[in-house]
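**Student:** Can you join these two chains into the complex? Each is in its own frame, and there are hints to help.
Single-letter residue listing:
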Amino acid sequence: MTPSLEFRDITKEYRGIFGRDSVRALVDFSLAVQPGEIFGFLGPNGAGKTTAIHLALGFTYPTIGAGSMLGMPFGHAPTRSRVGFLAENVALYSRTARDVIRFYGALNGMRDPVLARRTREVLDQVRLSAEAGRNVKKYSRGMLQRIGLAQALVNDPDLLILDEPTSALDPLARVEIRELLLDLRRAGKTVFLSSHLLSEVEVVCDRVAILKKGSLVQVGRTEDLLNAGDRMEVVARGPVTLLFEGATTNDGLVKFSIQAAEQRKAFERIWNAGGEVVSINPARRTLEEVFMRATNEGDAE
Amino acid sequence: MKVILLALQHLQEQRWVLTAFVIYVFLMALAFGAAGGPPGPEETEYFARQQAGFTVLFTVLLAAGALHAERRSRRILAVLSKAISRRAYVRSILLAMWMAAALYILTSSVAVLWLGRRAGVKPEQEMSHLGLAFFAAMATAAVAVFFSTFLHPLLATFVSGVLIAVPAFLGQYAAVWLHVSPASALMAHSSGMLVLAGSFSLWYWVTLTLIQTIVFWAAAAFVFTKLDVAVPIE
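So the sequence lines, in the order shown, correspond to chains A and B. The number in my numbering is simply the position in the first sequence, starting from 1, with 32 added. The number in my numbering is simply the position in the second sequence, starting from 1, with 22 added.
The shape of chain B in the complex, shown without the other chains (with noise of 0.2 angstroms):
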């Protein structure tokens, strides 16, 4: 319930960018619908993996400065003067930035669905782009909180867009990078990137980002237990 309620609250901090990011994908969603006339099927899935493409972009964007917002305010001192662990605390913040996530894509496919409707298709397949952008998001959220327990923001959101870019970038040359970092896997699928296929099924690779998800999760648990969190990261 504290974690929830933390959550809610690093969510609400981000409301101005969240709320950015909605009228973003509705003004999109309108330029790609309503501009020139109705839009083609191939018109929705575009904007359909544009989306999911920015659903992991900017989860790492808000994962990777979260923390450090928290710290530099120093509003992070009243909160774990509280009974909240530090590991709580890393939850708290993950599943603001899954919650985030889950807007943006809610937001998406409500888009998706209407351009779906104008475009006369069932936009099934670019719904489950959005779905599994939805995985790669919460992966890519654990690593920028990962790296943002120990690196100044504008670091973490660079070594962890690497971690998820340069897996993405040379699978589609050897399919065993995608095991580097399986997100990138999800991300590059669901953004047209490549096409995940051969022996492994896309539920291979959404358990794969769920276990990706969880380690970092757990290591940014562990390192931020052992850090003075009264200085932030310059």
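The following block holds chain A by itself, in its conformation from the complex (with noise of 0.2 angstroms):
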């Protein structure tokens, strides 16, 4: 199957005047992400996620490499009316909400009666139908980060291409998004997440990769990731916080993770102390732990 979006093995350099002060945003970058899937693209400040979204969409050249989008070489302007973007700092132009959205699905190719019918869904959508009659220019982040979104979904797009879409909004509009972003893979649509909320990553992203200055440090499917591996994480109830290290109390049950192969070696020593085993479960870590360790190994050396 074609990679809806696919980077292969490109580094972009920034280069100053006469060559100096050059700065590598991406190196050696590869990545395929798979029609239908919603990726998460994580990575500290300044890593290059940005970089690596403005190639797709041909905003900026790879110094080496290529790539393709939707099976077409980056920067090709056809293949883009079939897909949706939303820029980490919003800039419309300053118009009504229902006029930009118009403007844009038309930039696009887009005419009515379809244009007309997608600006009355996308509105509805991110919840603006009410305010579709005011100046852009006077809203408030939130809503020109909705509209955003709005004028990135009018196209109906087959890739959504998204940076930072959720750090301007508030905990309701949050979830409403990542029900949005869901019902879009229900519909087969591929979804490219850059976002520093790890949380919202880690509930709605199939896969993940994890960028550390300008390379690829982690990637694969969410799950993965968060499994702890060959730990176990153990319930008990009884005298036992004493016997396992780094275990915590709360309501009277011991919590405490071991490996997998010293299951019956920690029973027995739960039993023999006059406790009792009330849970055993694999470890999951959270992604902000996974993301924390990908991005601080090799910071110490």
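Since the hints were made in silico from the structure, they are not lab data. There may be inaccurate statements among the hints.
Unchecked claim - To be clear about the criterion: a stretch of chain B counts as covered by chain A if any three or more of its residues have a C-beta under 8 angstroms from a C-beta of chain A, and this derived list gives those stretches: (1) 27-34; (2) 87-98; (3) 101-107; (4) 243-252.
Glycine residues also receive a C-beta, built at the ideal position from the N, C-alpha and C atoms.
**Tutor:** Right, here's the structure in full:
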């Protein structure tokens, strides 16, 4: 299957005047996003996430390497009619929200009555129908982000590229956007989501890539990354707190993690101390832990 | 259609500047036509020549900053994320600048017609000056947009100004210099800096100016397709 988005061995270098002060934003960067998945793109500030997105959309060109979007080389303008993009800092023309949506839809070649119908639909989706007649320059940052999302959705894109789509939104709006993304996945759309909100990414993304200083340091299924491998999380009751390193007590229940191979030995220690095992489950990490580990590795050296 | 839509948007972004230009033309016309009695034919001609020169000047000022404003505000990202090619984007900017120049010429023409009526003359020659100034403005817009693709707007304005003004100045001494920038010839002729005479007709200069427009338009589109547009030139 042709990836919806593919970066192949891309290096992007920003050169200063006369080649001085050059910065390598991406180094040998390769990544493939498959159709129908929500892909989380993570990394600290300055890791190269926005550069990668700008390369995909043809705003910038790779110094080395190439890539494709929906099967066509980066920068192929007609292909962008099947793509939606929301920039990190939404900057739109000063018009009413309805006109903004219509304008950007028309730039994608949409015409009435389809454009009129889609404009109504996306304004409903982002809950801005009541404010559709207001000029967007009077919008709050959160509203701007929602109208930015609406203009990205107006052409019913096969691939949606979102750069920090929920950073200015309140918790309620974030939940709505999350539902919207899940709806898009159900409709077979591909979503490439760059975000710092790891809890959001953890909930919605099928796969995740972590970028650090222009290089991929981790990529995989979200489930696999969150799975702590061969560690198990044990909950026990009784006088066993001191038996296990790192054990915590809450409401009389003792919680700790062990290597999977040490289950039997751990159970025996609990029983011998007069305690009982309440539950045992594969230990899970949070995406924040995965992210911190991936981005901090090597920094101490 | 997309290019026209985008050009109209660029024009709308300049609406306050254009409004100021239109008001300026009418105020100047009032000053020429109403203050101190009816104007004479010389005053009508002077006004027309002045507006012809200003058309080129204002077009350079607008055109040199248009692309930069879009990049700096990052509005360009939302536009170029749609099915709009870089070449089409340059076309839209140029079209907007030409429409702005046409609006200025139209306003000036109305003012000249009014002045001519008050002066009791048919301002045919003055109208032809304004017509020639439009062709010159088309070319200077292309020149300014070309330089603004890779230079800061101030520098682009300066370089474009030099490219238009220097041949016009040197053309007073030797007509060969006018071939460096044919738009300069039309600008200088319409604003009264020099009279284009000799073996070349005005249509010759108009044709060369159109060629200059196309060359700089193509060059601007070529350079713009090679640039990183996400980063404004500082």
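**Student:** For each hint, tell me whether it holds in the structure or not.
**Tutor:** The hints, checked one at a time:
1. Chain A is given as covering the stretch 27-34 of chain B, and this holds because 4 residues of the stretch bring a CB closer than 8 angstroms to a CB of that chain, at least three being needed.
2. Note: the stretch 87-98 of chain B has 3 residues with beta-carbon separation from chain A under 8 angstroms; the three-residue rule is met and the coverage holds.
3. Under the rule that three or more residues need a Cβ within less than 8 angstroms of chain A, the assignment of the stretch 101-107 of chain B holds, with 7 such residues.
4. A stretch counts as covered by a chain when three or more of its residues have a beta carbon under 8 angstroms from one of that chain; for the stretch 243-252 of chain B and chain A the count is 4, and the coverage holds.
In the structure shown, no violation is registered for any of the earlier numbered hints.
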